[in-house]
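Protein chains: 2
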Amino acid sequence: MRTEQVLAAIERERERHERELVELLRIPSVSTEPERAQQVRRAAEWVRRALADAGCQARLVETARHPIVYAERPAPSGRPTVLVYGHYDVQPADPERDGWSRPPFEPVIAGGNIYARGASDDKGQMLAWVHAARAWHQAAGGPPVGLKFVIEGEEEIGSPNLGPWIAAHRDLLAADVVAISDMDQFAPGMPALTYGLRGLLYVELRVYGPAEDLHSGIYGGAVMNPATALCRVLGRLHDERGRVAVDGFYDEVRPLEPWEREMFAALPHDDARYAAELGVPALVGEEGYSTLERVWARPTLEVNGLFGGFQGPGAKTVLPGYAGAKLSMRLVPDQDPAKVYAGLRRTIERLMPPGVRWDLGAPGPGATASGAARRAPLAQSPEAAPAVLLERSSPFAAAAARAIAAGFGREPVWVRSGGTIPVVLLFKQHLGLDAVLMGYGLPDDNKHGPDEKLCLEDFHRGCRTSALFFAEVARAAGARAG
Amino acid sequence: MRTEQVLAAIERERERHERELVELLRIPSVSTEPERAQQVRRAAEWVRRALADAGCQARLVETARHPIVYAERPAPSGRPTVLVYGHYDVQPADPERDGWSRPPFEPVIAGGNIYARGASDDKGQMLAWVHAARAWHQAAGGPPVGLKFVIEGEEEIGSPNLGPWIAAHRDLLAADVVAISDMDQFAPGMPALTYGLRGLLYVELRVYGPAEDLHSGIYGGAVMNPATALCRVLGRLHDERGRVAVDGFYDEVRPLEPWEREMFAALPHDDARYAAELGVPALVGEEGYSTLERVWARPTLEVNGLFGGFQGPGAKTVLPGYAGAKLSMRLVPDQDPAKVYAGLRRTIERLMPPGVRWDLGAPGPGATASGAARRAPLAQSPEAAPAVLLERSSPFAAAAARAIAAGFGREPVWVRSGGTIPVVLLFKQHLGLDAVLMGYGLPDDNKHGPDEKLCLEDFHRGCRTSALFFAEVARAAGARAG
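Chains C and Z, in that order, are what the protein sequence lines are. Numbering of the first sequence is given in our numbering, commencing with residue 700 and proceeding in unit increments. Numbering of the second sequence is given in our numbering, commencing with residue 700 and proceeding in unit increments.
None of these hints come from the bench; they were simulated from the model. Treat the numbers as computed from the prediction; the structure is a model and nothing was measured. Hints are not guaranteed to be accurate.
Heads up, the list lumps identical chains together, so a pair's fine if it works in one copy or across two of them.
[What the hints assert, rightly or not] List time: in silico DSS-like cross-link candidates among lysine-lysine, alpha-carbon distance up to 30 Å:
1. Lys1015 <-> Lys1038
2. Lys1127 <-> Lys1015
3. Lys1127 <-> Lys1038
Construct all of the structure, not just a fragment, from the sequences and the given hints.
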């Protein structure tokens, strides 16, 4: 009943919602550009006012660079609290270099889309949650759940100050679930619930041969070439079936469940078209799994960078003194990054030929660093993040699915992402919270490119969905209590 | 009898020979430094006068950069002609940066050595041949052989103008053998005859994956990583016994003969000390061969450069669009570079995993070239040079061995070099001539480093040896004629 009133209010306020989106998009809050720090702050202030207008206690939290907008509204007695995460900063947009059709900070509505930097990433998606909160506030005296908003201004520069702040404010941020809209639907007309993200283990492998580069004629044949040794190892980290040949790599991998394989198989996906888009002659990967299964739910090991010896034009007959590679593993539930790291170390130990020294650790100072820097031991604390998975049995996942179904008028598909969203891990690790990932964008929104857009109808559906999510969370909690 | 007179003259002229060496070493004929072009010419003129003084018709041959000194003296009727090659240009010498103990162009004699840039490489060694010619001219009315001198001024910059000139002057340069002293004895008191050089085949292998670098989270698992594919191939180009696993690679390799293995084994060589000097934990190479056998007389394949993806400091989760390697093979008799190249191509074809495109050819424009340049096809004409070997049965080899034995008072050891001396190939390919390589230097002469030196007594022994070589070549020819 109250939900109906809220949805009606959202319907009535379509124009205002669009107008306010345009307002926010006009502020060039490019977090990486120092000369725009004041614009970033203007956007923070704009969001703070909007959240205050939605009945929250809202304030700016100062950090070493751009402020976090924090807002809260207490939960009705016995009700759960939803923590909404989003960001008000945007990627740079260079109209000259990147080929924008229109000035990136002068929003234009055309063909049902709104075009501007930040439209999809993340101002439009984030604002859907602010508008939902205001609709509840104005049409029903407040939502049936407690609300906390953490809207940061440094997402596009790696969120350097968010983690420490979250870690230092566990009590303040206590909640039941995190809601994030900073991703995509599967396709137009196919809303999605992203229930899994892969984790990451990023390392560097260095192989040291002779103290100096040697003449490959005079010395070739006397010593192990470190570039050869590196390739020997890296070339054996996958088997003939495309599986990662690291000791114990799959020991704790949770198999895909039948419903997942069915769900992914039912999604429209064309391998040939995908290969053509990427410019590869064929898709290749772990045998026995579809492309979507491989990128979303199977662990991988990729060489991200490779270096050693002479890289200039033409020929130089050098036997390099060292060679190295940057490697990353995408992890899936229930792989433990520390165990994978230990397995990788054992595997390298086994595969590395004699006659060289090697080091494995956190990514180092780069190929062009000085000899001393290159030969300094790598830190034994590589970047590592476990995968995250929202269990299908989670009441919050069910609440999100129902909200999306009602808000978008279509059951969501359950998808995963092959990437890693660091903030999801921050909330999990520091606050113990699961996140529901409800993408209101589309894959062709061109988020970091020119002519970024957001489908306006999806923006309005997002407002409805966010409002419905508050009601569904409250209902789920009530059902459990009852 | 005449030879005795010539040797006596050389003994008498020791002081003059040293004085003239000092004179020549005072001229900073650094061929790579444009501001020293006049000094380079001064050195050429100095050498021309010295050769005229030795009874030769001597002149400067102009080239696009530094002149070649060419001199000749006709052979006595029915006698063979020796073509002496050397160079009067020197490496740069930066006293500040490189840490010279004394100004590099102010020669100093100390502890039996003469210290100056070019002392060993190649002014001192080359001058021994000029002095030998003059001694024959002055003490015996001329040598018992015809002489041709080709003393270039561009050796240290890759001899860009020598090859075309030789190719265009085959009649002028017709001779019976080439003599070169631009290398080392095996050790102090161990004069050497270098009878073999390895050849070279230098190529680049490029592996192309997606059209652009991809995000390794979003796409990792969907496509073959070109860096992984490259390592897979490169890591399989050697087998477990350290042999090169390229199709047909050893088919035409001439085995080491028993006398060679005995000769090399008898040489003083300490693997542990050699490993320590190079800074490697152990020496590694083809099983069943000693270190000297491996670097001198066995073919190798080395990765000279390796590149792809992100090489900077820290981490970047990129799935690279391409990866590449520069590879060189050192060839031995009787490998044919064209057949080795074809075998390498077949091997790569067999080892390369699906899902990538690749190219093999002459070394390309380098890792940092533009995308278009990087994706242009590699030229199908890689740098290739066969190995050279002076047969032990060659009368010129025997003549050189006898000359060294008499000149140095000790039988030479027969050694090979793992490197490639391009001018030796020029004379072989254009004139059909074998070269005798008679090193008067020592391995610790620091030829391209600070405080370059030449042992003065070896310089005098070199003068004697060169003079004796003329007599031995004449005697060998007479023996054949008789």
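Violated hints, by number in ascending order, as checked against the structure: none
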